[in-house]
Structure formats: structure tokens, C-alpha cells
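Trainee: Counting from 1, one number per residue, gives the positions in the sequence shown under full-length UniProt numbering.
The set of hints was computed from the structure by calculation and includes no laboratory data. Any given hint could turn out to be false.
[Said to hold, decoys possible] Each pair of labels, with its calculated beta carbon distance range: (1) Asn103 to Lys165: 32 to 40 Å; (2) Thr409 to Ala272: 39 to 47 Å; (3) Ser206 to Ile311: 35 to 43 Å; (4) Ala272 to Ser399: 47 to 55 Å; (5) Pro115 to Glu50: 18 to 26 Å; (6) Val364 to Asn338: 27 to 35 Å; (7) Glu50 to Gly246: 26 to 34 Å; (8) Thr401 to Gln233: 30 to 38 Å; (9) Gly232 to Ala425: 53 to 61 Å; (10) Thr412 to Ser60: 38 to 46 Å.
[Stated by the list, open to error] Capping the alpha-carbon separation at 27 Å, the derived lysine-lysine pairs in DSSO-like fashion look like this: (11) Lys265 to Lys385; (12) Lys19 to Lys265; (13) Lys196 to Lys229; (14) Lys284 to Lys88; (15) Lys168 to Lys356; (16) Lys356 to Lys385.
Glycine residues also receive a C-beta, built at the ideal position from the N, C-alpha and C atoms.
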Amino acid sequence: MLSEEGTPPDDTPPVQIVKTSIEGRILNEQLQPVHNAVVTAGGENAATNEDGHFLLEDVSVPDDAAVVTVDKFGYFRGYRTLMVREGKQQYIQVELVLQNQNNIDANTGDLIQFPEGTLTVPPNAVLVSENQPYHGTVTVRSFYIHPEASTVADQMPGDLRGIDKSNKQTGLRVFSMLVFTMENNFGTVLQPDPAKPVSFELMIPSELASDAPQQIPLWHFDGTTGFWKEEGQATRQGSNYVGTAGQAGFWACATTFPQITLTAKVLNQQNAPVSDTRVAVLTKTNFIPTFGYTNVEGIYYGKAASNVPLIMTLTDNCLNLLRQQEIGPFNAATEISNVNVTLPEGQTLVINGIAKDCDRFNVVNGTVIVNVDNRNYAAHIYNGKFNLTVVRCSRQPASVTLTATDNRTNTTSITTLQANSGTIAPSLRVCN
Numbered sequence: 001m002l003s004e005e006g007t008p009p010d011d012t013p014p015v016q017i018v019k020t021s022i023e024g025r026i027l028n029e030q031l032q033p034v035h036n037a038v039v040t041a042g043g044e045n046a047a048t049n050e051d052g053h054f055l056l057e058d059v060s061v062p063d064d065a066a067v068v069t070v071d072k073f074g075y076f077r078g079y080r081t082l083m084v085r086e087g088k089q090q091y092i093q094v095e096l097v098l099q100n101q102n103n104i105d106a107n108t109g110d111l112i113q114f115p116e117g118t119l120t121v122p123p124n125a126v127l128v129s130e131n132q133p134y135h136g137t138v139t140v141r142s143f144y145i146h147p148e149a150s151t152v153a154d155q156m157p158g159d160l161r162g163i164d165k166s167n168k169q170t171g172l173r174v175f176s177m178l179v180f181t182m183e184n185n186f187g188t189v190l191q192p193d194p195a196k197p198v199s200f201e202l203m204i205p206s207e208l209a210s211d212a213p214q215q216i217p218l219w220h221f222d223g224t225t226g227f228w229k230e231e232g233q234a235t236r237q238g239s240n241y242v243g244t245a246g247q248a249g250f251w252a253c254a255t256t257f258p259q260i261t262l263t264a265k266v267l268n269q270q271n272a273p274v275s276d277t278r279v280a281v282l283t284k285t286n287f288i289p290t291f292g293y294t295n296v297e298g299i300y301y302g303k304a305a306s307n308v309p310l311i312m313t314l315t316d317n318c319l320n321l322l323r324q325q326e327i328g329p330f331n332a333a334t335e336i337s338n339v340n341v342t343l344p345e346g347q348t349l350v351i352n353g354i355a356k357d358c359d360r361f362n363v364v365n366g367t368v369i370v371n372v373d374n375r376n377y378a379a380h381i382y383n384g385k386f387n388l389t390v391v392r393c394s395r396q397p398a399s400v401t402l403t404a405t406d407n408r409t410n411t412t413s414i415t416t417l418q419a420n421s422g423t424i425a426p427s428l429r430v431c432n
């Protein structure tokens, strides 16, 4: 069995380029913030601060597959693909994957072992630029991404969508995932010789063993499009998949399933939108997931499996489960307008602020970065007003720092106050 699907039920609409903003947080393998990671989308880039936070404003990206890349020395390049809407700021979170390093001789090749499998580089099978043979030392960096780990949603590249051999977009259920790169001692990128590809053996997690087919499609991640691309197949041997990789990068053994576009608006007990909230939509039977976050208006906009019962879960940034409910089945694009959650009263801080310039006129267009409990959150200033709801992971009073920027004058001001929970109404003067 190569696939769990037929043709996806809702055709992907034509791609449109939209202007939007993307904010988020970059973490390392210990779930600590990564400082000075370079985040890029739509040709624009920003560096993360001490909290791992970044904000890319007014970037032009495809609405169906905006691609965000993250670069930091010592880690594999991170990727996130997301569906966005014009002018609706979207949140993401990326956990960078640490590089495990092995040095081999290109002339003799070698077997590289790791706890979840092996990589085998044949002799004389490494190329440098212009497909010229390379005969020196090769630094091979690799990492196995566990498809059932709690961190997979933040570690994996893309968003579990692929383009199959028929050039159709499809959902992916991953059974094994690997990333590897090659370079010489000077950092020059090397590649496997497609005529003598690298072979791999990858563990199938025990939780997935009963559903793992004998033959499975093999996918390579395309960092330009943000989709996985079908590149042959792998074969099951016992509790592992074996196959070959003709180029470096991210590889996945995955079956496919049809998807629909799901839109859900998440509101709290005051009927205010709940932004930056993790959403997982899983099939009820096999728990096949899709992941995402609500945007600045509390809207989840992404994909979900079609024609099967689903379970939707919403989790706050303190890993508290806010809601779990059954939805579906859906056979076409669907909107859910009333997903209500109850935020913890003693840990919820609502900020309804105003911002004025030096002449006490409203800041027409700007941004406020709010720092509380060593976490950053971004809010847009529109005609002098901004609103933000933060679920804190503490009930103790804390300093709240608001860094406001007037986009018209490029003026920034910083205001610090004390708060706990409930509602505050800061009045900011954005003036030098």
C-alpha cells in the first residue's frame, strides 16, 4: 500500500501573493530561546532577540505556502510552511535541530551509525560544484526526527504537505524522517552522486509499526516551495525502512491522505480572539496530525484530513490544554466560527492600550512588542489603539515592558509597568 487516499477533495486554489506579517519564537533542542538566529520570509529577514522572538512585518509571500527559513550556526536550517491571509499577522514556533557530525573519507565511503538507523556513503560517490568528483574528507551531519515525539510539530520542515508524482498537493503521514548534509573542511557544500546515492536505514517507531506499509513513498523537502516532493519509494525491512537518497537535505518516508482547508475562529470567555495558540487537528482513529497556530484574530487557517472524524485540540504557551473537541467529517473547505475556550482567570493578562505621537495625535500605524515573563508578544497599533491577550505561566506580579514603534516616523519608545492578571489600559507616548 503506497497511499491512504484518492485525489484530494478540495482543489487547491490559484496561489496569490499577499502582504502580511509573521512573528514567532525560535528554540533550541533544550527548548531554550535562540538569540541572533536569522529568520527570512518573502525576501526580508530579522534576527531573534534574547527571547528567541522575531517579527517580520509586511512581507510578500504566497498565501497557500509562505516559507519561513531559520539559520543559526551549529544547527540545520529550519523551515516552516504556513497558510496566511492578507494583513493578518501569523505566529509560528520553530525548534532548531542540532547537527550530529561524522567525518569520512570520500574515496572509501563509510557507514554512519546513529541510534535510529544508519547512513551509508559508497566509495567515490561524493560530488563538489559542477558535479566534479570529490576525494577528500567529508563532514556528514545528520539527525533523525522522531515522527511521534512531542517536539515534531516544531522540528519538522514544512507543514506535512507534499506534491505527489501527479503534481497534486496532499497530506503526509510520516513514519520516518531524516536530515543530512555534506561539506568539506572549508565549508563547501558537497552532494551525493545521484548515480551512487547514499543509502539509509531508518527506524519505524513502535507506535506506528502496525500501520507501516511494506512499500512507502519517499519524499524530499523542497525549501523553495515549502512542500515535500515525492522522490521514489522505500522498503520495509523488519522495523526499519531502507532506501536511497540522491541529494542531501530532509527526507521522509510517508503515506498520503486527502485534505480539506479548515478555518476555525477561537474566542475566549469574553468573546475576544485568542491568538498565538497551538492547534492540532488529528484523525480520530489513527491520530494522523496537522498542526498550526491561531493568527492575530484568533483564526486557525490550515489543512485537515477529509472524510474522517477529527479531534481538535488547543494548547496555550504554558502547555495547558484549553479545549479538545470532535469535529467533522468534512468533504470540502469548512469554517467553524465558534470554538470557545476558557482562559485561566488568574493567569490571563488583557492589554487594551492607546498610543499617541509627540503631538498627542494617534499613532496611525505601528507595532508594540510586549515583554512579560521573559516572553515577547507583538500587537499592531491601528489608529492609536492596540489589544493583546497574554496567558501567563505564573500568577505572580511581573514587569511588563512595552516597546512601541510608530511606523510613520520610525520613532520608538519603551514603557515599563507592573501587572499580574486582569485588564490593564496603558497609555503610551511614542516620542523621542
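Trainee: Next, verify each hint and record whether it holds.
Mentor: Against the structure, the hints:
Remark: the range hint 32 to 40 Å for Asn103 to Lys165 is upheld by a beta-carbon distance near 36 Å. Taken as a hint, the range 39 to 47 Å is violated for the pair Thr409 and Ala272, whose Cβ atoms sit roughly 30 Å apart. Between Ser206 and Ile311, the C-beta spacing of about 22 Å breaks the proposed range 35 to 43 Å. At roughly 24 Å, the beta-carbon separation of Ala272 and Ser399 lies outside the given 47 to 55 Å, and the hint is violated.
Checking the proposed 18 to 26 Å range against Pro115 and Glu50 shows it is violated: the Cβ atoms sit about 33 Å from each other. For Val364 and Asn338, the Cβ-Cβ distance of about 33 Å falls inside the hinted range of 27 to 35 Å, so the restraint holds. Taking 26 to 34 Å as the suggested C-beta distance range, the pair Glu50 and Gly246 does not conform, at roughly 41 Å. In this structure the supplied range 30 to 38 Å is violated for Thr401 paired with Gln233, their Cβ-Cβ distance being about 53 Å.
One distance hint, 53 to 61 Å for the beta-carbon pair Gly232 and Ala425, holds here, with the actual separation near 59 Å. In this structure, Thr412 and Ser60 break the distance hint of 38 to 46 Å, their C-beta atoms being roughly 24 Å apart. With a CA separation close to 22 Å, the supplied pair Lys265 and Lys385 stays within the 27 Å bound. Of the supplied pair hints, the one linking Lys19 and Lys265 holds, its CA atoms being roughly 21 Å apart against a limit of 27 Å.
Distance check on the hinted pair: Lys196 and Lys229 sit about 20 Å apart at the alpha-carbon level, within 27 Å; holds. This hinted pair does not check out: Lys284 and Lys88 have alpha carbons roughly 30 Å apart, beyond 27 Å. A threshold of 27 Å between alpha carbons decides the hint, and for Lys168 with Lys356 the separation of about 50 Å lies outside it, so the pair is violated. In summary, the hint linking Lys356 to Lys385 is supported, as the alpha carbons are separated by about 9 Å, within the 27 Å threshold.
Hint violations for this structure: numbers 2, 3, 4, 5, 7, 8, 10, 14, 15, all remaining hints satisfied.
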